[in-house]
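If you read the sequence shown in the working numbering, its first letter stands for residue 6, the second for the next number, and so on.
Keep in mind that the hints are not guaranteed to be accurate.
Per label pair, the in silico range of CB-to-CB distance [claimed, not checked]:
(1) G287 with P197: 42 to 52 Å
(2) G287 with Y212: 55 to 65 Å
(3) I217 with L283: 23 to 33 Å
Calculated lysine to any residue pairs in the SDA-like style (CA-CA distance at most 25 Å, straight line) [stated by the list, open to error]:
(4) K276 with D251
(5) K183 with H111
(6) K289 with V279
(7) K25 with D194
(8) K211 with I153
(9) K281 with L79
(10) K201 with L75
(11) K159 with D136
(12) K269 with R78
(13) K267 with A190
No lab work stands behind these hints: they were computed from the structure. Keep in mind it's a predicted model, so treat the numbers as computed, not measured. From the three backbone atoms N, C-alpha and C, an ideal C-beta is built for every residue, glycine too.
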Amino acid sequence: MTLLGLTAATRMIDKPLPIKVFLMVLGTLIVIKRPDIVDKKNRVQSVPTQKLLAQYDYVIIGGGSAGAVLGNRLSENEDCTVLLLEAGADEEVLSDVPYNIGSLFHTSSDWDFKTEPSSNYCLGMNNHQCDWPRGKVLGGTSVLNGMIYIRGNKRDYDSWAALGNEGWDYESVLPYFKVSEDVRAEELDDSPYHHKGGYLTVERFKYNPPMIDYFLDSGEELGYKVHDINGANQTGFSYAYGTLRDGLRCSTAKAFLRPASKRKNLHVSLKSFVEKILVKEGSKNHITF
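Generate the whole structure from the sequences, applying the supplied hints.
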């Protein structure tokens, strides 16, 4: 039962035994009953060290939420060679099930960071430190997060541009959000803020508790609109949209790297922790991992 890291449940030392047993049974059922989740033929294969090239045009350190996107986009140019180095392994099949959010915290898929001790926050935690889960896995924290799809506030982008960062205003970055997106929600089909056919699937969560409708009705009674939070205005109420595909998590590894995994100019090396970058002016850069 080591397929695709299924033994993660046994590494959850801090989890009660019933939870560990449940996760192991669930993982087994996924492997047996849901080959579409296992997706073995499209999984990214780690290139053995001895088969790596002596040099590459691009080296991406970290195959996380951004690194996975870069791996895909840079390797679209067949004339460029790309190496992606990821300190962790491939994502677990358990992470695909939204209900399992949190099950991979404190495992080998998590860097297991904590916040700095503070007298202003995390006051109810040991040493005033909170857990800060970050993905040590292909796909990074997009494998561990809550899957909520939100782009950020328009004014933030515009303020960055106002500081002199040309091309970072919202109107300039919006086309990049759209080209990456494959929205699967009928109510957004005609929206100028969304797009179909991209790599990253966006859809409504399959299950919405009945209380959600009461919250939305209450918002309207207070004078707020119920609308798309990634649309023209973020002020208001909305159903949650997630980085989901057919109700399952759609990490950046699944969205961007698996479709590119067969490209001959893209090499991915898993469990490859970068220790040193040697930068010399006028010469090639070297990486130790």
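Here is how each hint holds up against the structure:
Hint check: G287 to P197, Cβ distance near 47 Å, so the stated range 42 to 52 Å holds. In this structure the supplied range 55 to 65 Å holds for G287 paired with Y212, their Cβ-Cβ distance being about 58 Å. Hint check: I217 to L283, Cβ distance near 53 Å, so the stated range 23 to 33 Å is violated. For the hint pairing K276 with D251, the CA-to-CA distance comes to about 29 Å; that exceeds 25 Å, so the pair is violated.
Taking the CA atoms of K183 and H111, the gap is about 34 Å. The hint is violated against a cut of 25 Å. A threshold of 25 Å between alpha carbons decides the hint, and for K289 with V279 the separation of about 17 Å falls inside it, so the pair holds. Note on K25 and D194: the hinted pairing is violated, with a Cα-Cα distance of about 41 Å set against a maximum of 25 Å. Taken as a hint, the K211 and I153 pair is honoured in the structure, with Cα atoms around 13 Å apart against an allowance of 25 Å.
At roughly 23 Å between alpha-carbon atoms, K281 and L79 fall within 25 Å of each other, so this suggested pair holds. Our distance criterion of 25 Å between C-alpha atoms is met by K201 and L75, whose separation comes to about 20 Å. As the CA atoms of K159 and D136 are separated by approximately 29 Å, the hinted pair breaks the 25 Å bound. For the hint pairing K269 with R78, the CA-to-CA distance comes to about 14 Å; that is within 25 Å, so the pair holds.
Restraint check: the Cα-Cα separation between K267 and A190 comes to about 30 Å, which exceeds 25 Å; the hinted pair is violated.
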